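A.B. asks: With mature numbering (1 follows the signal peptide of the UniProt record, and there is no 0) as the guide, the letters of the sequence shown map in order to residues -17 to -1, 1 to 106.
Take the hints with a grain of salt, since some may be wrong.
What the hints assert, rightly or not - No farther apart than 35 Å at their CA atoms in a straight line, the calculated lysine-lysine pairs in the DSBU-like style are these:
{"id": "1", "residue 1": "K65", "residue 2": "K40"}
{"id": "2", "residue 1": "K16", "residue 2": "K29"}
{"id": "3", "residue 1": "K29", "residue 2": "K96"}
{"id": "4", "residue 1": "K40", "residue 2": "K96"}
{"id": "5", "residue 1": "K29", "residue 2": "K40"}
{"id": "6", "residue 1": "K65", "residue 2": "K96"}
Derived by calculation from the structure, the hints in this document are not laboratory data. The structure displayed is predicted, hence computed values, not measured ones.
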Amino acid sequence: MLRVFFTFFLMMIVVHSLPQGSGGDLYLPPKEKPGYDYPSPLNPSKPGSKPPAGDEKHESGMPFDFSYAVNDIETSNDFQHKANSDGDITRGEYRVVLPDERVQVVRYTADWKNGYNAEISYE
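Modelling step: build the complete structure from the supplied sequences, incorporating the hints.
C.D. replies: Below, the structure is given as structure tokens:
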């Protein structure tokens, strides 16, 4: 039994002492450059011209009128929103009760030419 174990042990030493892999070029630079060679575009795009000045096209939106309010005592959420529009100009108002119990009021006007304009006040 000891002879079998000793023989097996010697065989394992011999197997592990043999060179593993080629190992000859471990410290040389790679033979191929890594990366992706992508094809050049067939027809590169050309820069386009700018649209003529004053060529903005405005389409009116749908008129609307809405409002909602939330007063949830459990979560202390208290806010309102009202807005109306004739299709071109939107006017509205937000009201929010802040943690210090002031009411923040945001009155706004929005249209396609001047954008969003707001006035903020506190009550």
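A.B. asks: Next step is simple, just say for each hint if it's right about the structure.
C.D. replies: Quick rundown of the hints versus the structure:
1. Taken as a hint, the K65 and K40 pair is honoured in the structure, with Cα atoms around 28 Å apart against an allowance of 35 Å.
2. As the CA atoms of K16 and K29 are separated by approximately 32 Å, the hinted pair is consistent with the 35 Å bound.
3. For the given pair, K29 sits about 31 Å from K96 by alpha-carbon distance, which is consistent with the 35 Å threshold.
4. Of the supplied pair hints, the one linking K40 and K96 holds, its CA atoms being roughly 11 Å apart against a limit of 35 Å.
5. Between K29 and K40 the alpha-carbon distance is near 25 Å, which keeps this suggested pair within the 35 Å criterion.
6. A threshold of 35 Å between alpha carbons decides the hint, and for K65 with K96 the separation of about 22 Å falls inside it, so the pair holds.
Checked against the numbered hints listed earlier, the structure breaks none of them; every hint is satisfied.
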